[in-house]
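K.L.:
Listed below are the residues making up each chain.
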Amino acid sequence: MQYEIINTGGSPAFEDSHDLLTQGQAKASTLVIVGNQAGLAFRQLSQPQRYTLILIELGLECLGTHTGESRGQEGSQILGFSRFRLGEAPSTNLVELVRQPQSVESAILTAKALLEAKGLQVSVCADFAGRILNRLIRPYYNGALTRLDEGLASADDLDMTLKLGLGYPEGPITLLERTGLQHHFKATQALFEAYGQSAYAPARRARVAYERAQFASLSASEGPPKKGQS
Amino acid sequence: MHSIKTVGVAGSGTMGAGIAIVAARAGYKTIVFDRDQSALDRARQQTQGFFAKSVERKKLTQEKVDRILNGLTSTTRLEDMAQCDIVIEAVFENLKVKHDIFAQLNSVCPPQTLFASNTSTLSITEIAAGSGRDENFVGMHFCLPAQLMKLVEMSPGLRTRTETFDAAWEFCLALGQIPVKTKDNPGFILNYFLVPFNNDAIRLVEAGVAEPADIDRAIKSALGYPMGPLELLDLVGLDTHWLVAEALYSSTHEPRAAAPALVKRMIAAGQLGRKTGQGFYSYKTNAMFGG
Numbered sequence: 001m002q003y004e005i006i007n008t009g010g011s012p013a014f015e016d017s018h019d020l021l022t023q024g025q026a027k028a029s030t031l032v033i034v035g036n037q038a039g040l041a042f043r044q045l046s047q048p049q050r051y052t053l054i055l056i057e058l059g060l061e062c063l064g065t066h067t068g069e070s071r072g073q074e075g076s077q078i079l080g081f082s083r084f085r086l087g088e089a090p091s092t093n094l095v096e097l098v099r100q101p102q103s104v105e106s107a108i109l110t111a112k113a114l115l116e117a118k119g120l121q122v123s124v125c126a127d128f129a130g131r132i133l134n135r136l137i138r139p140y141y142n143g144a145l146t147r148l149d150e151g152l153a154s155a156d157d158l159d160m161t162l163k164l165g166l167g168y169p170e171g172p173i174t175l176l177e178r179t180g181l182q183h184h185f186k187a188t189q190a191l192f193e194a195y196g197q198s199a200y201a202p203a204r205r206a207r208v209a210y211e212r213a214q215f216a217s218l219s220a221s222e223g224p225p226k227k228g229q230s
Numbered sequence: 001m002h003s004i005k006t007v008g009v010a011g012s013g014t015m016g017a018g019i020a021i022v023a024a025r026a027g028y029k030t031i032v033f034d035r036d037q038s039a040l041d042r043a044r045q046q047t048q049g050f051f052a053k054s055v056e057r058k059k060l061t062q063e064k065v066d067r068i069l070n071g072l073t074s075t076t077r078l079e080d081m082a083q084c085d086i087v088i089e090a091v092f093e094n095l096k097v098k099h100d101i102f103a104q105l106n107s108v109c110p111p112q113t114l115f116a117s118n119t120s121t122l123s124i125t126e127i128a129a130g131s132g133r134d135e136n137f138v139g140m141h142f143c144l145p146a147q148l149m150k151l152v153e154m155s156p157g158l159r160t161r162t163e164t165f166d167a168a169w170e171f172c173l174a175l176g177q178i179p180v181k182t183k184d185n186p187g188f189i190l191n192y193f194l195v196p197f198n199n200d201a202i203r204l205v206e207a208g209v210a211e212p213a214d215i216d217r218a219i220k221s222a223l224g225y226p227m228g229p230l231e232l233l234d235l236v237g238l239d240t241h242w243l244v245a246e247a248l249y250s251s252t253h254e255p256r257a258a259a260p261a262l263v264k265r266m267i268a269a270g271q272l273g274r275k276t277g278q279g280f281y282s283y284k285t286n287a288m289f290g291g
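Same order as they appear, the protein sequences are chains A and B.
Quick note on the numbering used here: the first sequence kicks off at 1 and runs consecutively.
Quick note on the numbering used here: the second sequence kicks off at 1 and runs consecutively.
The reader is advised that the hints may include incorrect statements.
[Unchecked claim] Just the calculated beta-carbon pair ranges, DEER-fashion: (1) B/77 x A/150: 18 to 26 Å; (2) A/211 x B/112: 52 to 60 Å; (3) B/100 x A/59: 50 to 58 Å; (4) A/106 x B/35: 53 to 61 Å; (5) B/55 x A/76: 55 to 63 Å; (6) A/29 x B/55: 52 to 60 Å.
In short, the hints are calculated from the structure, not lab data.
Even for Gly, the Cβ is constructed at its ideal location relative to N, Cα and C.
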């Protein structure tokens, strides 16, 4: 399947060497826009209507931020997509393909086929903050961190119980340590702002990790204290 | 040390049948009690199917399976439970129902018989309080499907004797299971996390965020979970999930613990999951999971 690609750089989930980014061609009817400025690049397109499918890589934002929305009737050949990645862990092969109420069905099928041809698995979802995965896992991670704080089980017992009892490959505490608690803070804070539900409110341990990461980044940019500074 | 030779299982639903397989497979004489003969027959058929698959997959020999099945009997007469050294209750998640069955068992079982509840959400202390032997009572929560999962959440009630808990712990190890001690808190560890998580997945379906297959695929592919939440709910049964969620919600009052309205509608429509052939997915058979 032929497609054009615009890579704005800094994709949150794709290496520049990924097949999706390297195999684009000129003059195709499908356009894939990746990178941390993908939405901006889309909004600056002069003739989006010349494509039968446009795929925009999303961060935490909704697709509607770039396409606009209208009375629940929005939707066209423009879709969003996000390859799931937990903090510092490698990207997974799962792509959430974001549609709107009136999205063109043939565009969805084409997008699925294109992404699957690149070895990715696709779950189609509507254009809501957190989509599928963050909506489900952030409250679970917040609960595990809170339960740990309350001393109801040790970190090891919590992890072991959830691994053995539910067949999860990794317990939540180990997983959050491995992927970076500060990243969980940012994801769940965004959902808390979007929905205002307490389940998304960042757990204390996530906030502490985020604040410490901020200190570390500040210290790195300022360098060591100079003589005479307090 | 309490010597356990005969195991009783009260209730022949999904959990009861699975626990009976675990006990019989470990070499214990096992008696399953249920007032409903058709439920016992269904469980027996599923158990035979499970062991047939075990032979097919060369996990057990036919000879061993024959021995196991000879040691696994069922009854509709409560009096037959009098010979049990431990009775594990696996009936509906309803305190009154559990109190009723334990009160009856208390009248037929000798005083040294250990009582255990497989409750996943109710308080062990509260169930024990209606059992007539709260010092000889322990929580043993097996995971679904019990015949495949090793973990057992073991919880003492407030009045459970140390010797009772230790005997149940040793028995759990002898079953080949892995016990984890948890406090007598609503949902223990597993359901405290699992029930709200599954409810959240149902709410995504309810709100039209994604289809069940897309949700399950995302969870399995991105997180490596063995089953998606909606597949798991179909296995558990929507009616059972409703009871568990309501029990957890009534104990915690956490909004995510409350079962979404869609669950009630699916129950009303007879869409309980695998056991009725229709839940979030359609099924052609009601064969027991694994083998």
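K.L.:
A range of 52 to 60 Å was offered for this pair. Does it hold for the Cβ distance of residue 211 of chain A and residue 112 of chain B?
P.N.:
holds (57 Å)
K.L.:
Does the Cβ pair residue 100 of chain B, residue 59 of chain A satisfy 50 to 58 Å?
P.N.:
With Cβ atoms ~55 Å apart, the hint holds.
K.L.:
Could you say whether the range 55 to 63 Å given as a hint is met by the Cβ separation of residue 55 of chain B and residue 76 of chain A?
P.N.:
holds (57 Å)
K.L.:
Confirm or reject the claim that residue 29 of chain A and residue 55 of chain B have a C-beta distance inside 52 to 60 Å.
P.N.:
Distance hint for residue 29 of chain A, residue 55 of chain B holds at roughly 56 Å.
K.L.:
Given a hinted range of 53 to 61 Å, is it respected by the beta-carbon distance of residue 106 of chain A and residue 35 of chain B?
P.N.:
Holds - the Cβ-Cβ distance for residue 106 of chain A and residue 35 of chain B, about 57 Å, lies within 53 to 61 Å.
K.L.:
Is the hinted range of 18 to 26 Å satisfied by the C-beta distance from residue 77 of chain B to residue 150 of chain A?
P.N.:
Given range 18 to 26 Å: violated, Cβ gap about 46 Å.
Going through the hint list in order, the structure does not satisfy hint 1, though it satisfies all others.
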